[in-house]
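A.B. asks: One-letter residues, chain by chain:
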Amino acid sequence: MKIHEADAKSLLVAQGLPVPAWEVARTPSQARAAAVRFLADPGNATGKVVIKAQVLVGGRGKAGGVKLAATADEAEDVAAQILALEIKGLPVRRVLVGPAAEIVKEYYLSVLLDRATRRLMFIGSAEGGVEIEQVAVDNPDAIVYQHTDPLLGLPDYAARELAFKIGFGPHWKAGAAIAKGLLRTMLAYDADLVEINPLAVIREHNADGTPVERLVCLDAKITLDDSALARHPGLEELRDLDAEDPADVEARRYDLTFIKLEGDIGCMVNGAGLAMTTMDLVNRAGGQPANFLDIGGGAKADRVAAAMRLILEDPNVKAILVNIFGGITRGDEVAKGLIEARAQQVRDVPMVVRIVGTNAAEAAELLEAARFVTASSLDEAAAKAVAAAAKGAAA
Amino acid sequence: MSILIGRDTRLVVQGITGREGEFHSRAMLEYGTPLVAGVTPGKGGQTALDGAVPVFNTVAEAVRETGANTSCIFVPAGGAPDAVLEAVAAGVKTIFCITEGIPALDMIPVVEEVRLARARLIGPNCPGATSPGRAKVGIIPGSIHREGRVGVVSRSGTLTYEAVQAMTDAGLGQSSCIGIGGDPVIGTQFLDVLALFAADPETEALVLIGEIGGAAEEEAAAWAAEHMADVPKVAFIAGRTAPEGKRMGHAGAIISGGKGTAASKVSALEAAGFRVAGSPTELPALLREAGYRG
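Protein chains in written order, with the numbering used here: chain A, 1 to 395; chain B, 1001 to 1294.
Honestly, the hints are just simulated from the structure, not real lab data.
Certain hints may be false.
Cross-link-like lysine-lysine pairs, in silico, DSSO-like; alpha carbons within 30 Å at most [what the hints assert, rightly or not]: (1) A:62 with A:2; (2) B:1246 with A:300; (3) B:1246 with A:2; (4) B:1043 with A:300; (5) A:62 with B:1246; (6) A:67 with A:221; (7) B:1259 with A:260; (8) A:62 with A:221; (9) B:1259 with A:221; (10) A:48 with A:221.
Chain A on its own, in the form it takes in the complex (with noise of 0.2 Å):
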């Protein structure tokens, strides 16, 4: 699960990172009274306040959904456009308003699951600001790689062995510091992935006036694992449903995984490999997925006939192929499903049913007596398939 950034950076400041100072706000007017106060504060070394959308995709910047602003009026503003744009089709609710920092210099660093290794691994750059995929392209010395010990994590002397790979000068002892706190966020919230970019060295102003540098986590991006939601109560709340489909909640509710695509044929599967080669294969006999849908192992009639809703509740879909090989799951347990589903369903469209392994016999004998169009291999199914739905569509 993606989080915002404000979000994350609440959580790496409960973890006691350092990040300067920022407000949420979900109208004009709220932005302007954030803006009021860091214009006021006498460390902010630019006198100006950045104004960040706050949606779960990626080039924010270059969609025009991060500003800046010198006055309260403009800060209103900026925000007021901010609020009213929709970036990458996704509506911003909310921006965070922040100090406008004067940057000294941009590193990158992020610790994320290496699953080659089965362990974490630090990726850092004092190349930051930019894609770190772009610098591993351009420039792949530029970026160094350091897995954390299984059992022991990050201990002092690898943290600051990180610290002077990276190149922090000065600010090694800050850089080290947050290179635990990275770790520490990952373990104490289940994260796939804590990404800093920029961490940045950017000069502020004392009390007295005089100019302190500090080493500080500018943006953040955190991914949660989803298996781990379970245990974190707390953080469900940050998920963002705008940045779902509709089907997708509903699918989530019946434990059931739904992706939505483009295509006519709608599909239901048991297994996420076997769900892909479904699609593979009605690609290949010429027609178009409408979906990826994996209704699990051991599912039973209800959480099929949710599956079957979620299914037709799409306008596109003008043929459904059902594809069950029995294992944990017991064919008859779907045909009665589908059996029921059919029942209550509003709308008819053709439907082709391949049942085998467990319990596949009396799966056939129902699906038999309920008149359905069945087909014993896969590559007849996704054909069978393919033809009902050009016939949908020519009628």
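Using the hints provided, position chain B relative to the given structure of chain A.
C.D. replies: Chain B in isolation, oriented as in the chain A frame:
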């Protein structure tokens, strides 16, 4: 011979009295797997599967009393990492974890403990393994198999069944089928299984079933090119039509930043001498084309 499980397997099922544990333990026993013990804390002294299998409170006790050397875990996600540690501590060297939905970070120290103990963990979130005619551990339906000499390794569950069924229908039997699981942190990777197959005198051909995301298929391809050059090899990769940036069910199955695409995997596999099928049903014919005569 076979790999990971075979005639010497003595299996203990952790979580044998749960709904899934009991259902699949019964299937394993019916298949002929030497299922010697079950573990459910608090139910020690009872029996499971209509008196066929003694139940113990701890894995250590089960090992001591029955000589169990392989474990299969059906414990729910909250307790599964601990169940792996318990099996390791009891000296079990081959551990299958079927449980899905385990937080990834929980598995990192567990995988390390397994490594330090020189044990082997398969999974989590895996369907298990079958050595046809000898033993099956996990949830793969026994009926789809046939004894033979083709080694099958896969990241998926039901897609593996599809591929195995296609092989069996074409008369191509299997030495062992291993489902390594779709989670980001798993105990045994493609490479490890390939090394086991390469060392198994009874495995004469290889089927690899991969999916989008990560680089495990590419790494396995490179290894196979070097160490299994003479072995007929075929592969299937799921997710050719998956959109970028969407997590396709498995935590690992995602194309991001142009990495982990099906195209990259297919070309790496082809360069390594694999024939790559467009559908699982084409695997047997491709294996014949690759020179497999078994």
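A.B. asks: Work down the list of hints and note, for each, if the structure agrees.
C.D. replies: Checked hints:
Restraint check: the Cα-Cα separation between residue 62 of chain A and residue 2 of chain A comes to about 20 Å, which is no more than 30 Å; the hinted pair holds. This hinted pair checks out: residue 1246 of chain B and residue 300 of chain A have alpha carbons roughly 26 Å apart, not beyond 30 Å. Distance hint between residue 1246 of chain B and residue 2 of chain A is fulfilled; the C-alpha atoms sit about 12 Å from each other, no more than 30 Å. The straight-line distance between the Cα atoms of residue 1043 of chain B and residue 300 of chain A is roughly 28 Å, inside the 30 Å bound, and the hint therefore holds.
Among the hinted pairs, residue 62 of chain A with residue 1246 of chain B is consistent with the structure: their alpha-carbon atoms are about 23 Å apart, no more than 30 Å. Restraint check: the Cα-Cα separation between residue 67 of chain A and residue 221 of chain A comes to about 19 Å, which is no more than 30 Å; the hinted pair holds. Only pairs whose Cα atoms come within 30 Å are accepted, and residue 1259 of chain B paired with residue 260 of chain A is accepted, the gap being roughly 22 Å. Among the hinted pairs, residue 62 of chain A with residue 221 of chain A is consistent with the structure: their alpha-carbon atoms are about 18 Å apart, no more than 30 Å.
In summary, the hint linking residue 1259 of chain B to residue 221 of chain A is supported, as the alpha carbons are separated by about 20 Å, within the 30 Å threshold. The hinted pair formed by residue 48 of chain A and residue 221 of chain A meets the criterion: a straight-line CA distance of about 24 Å does not exceed 30 Å.
Violated hints: none; the structure is consistent with every hint.
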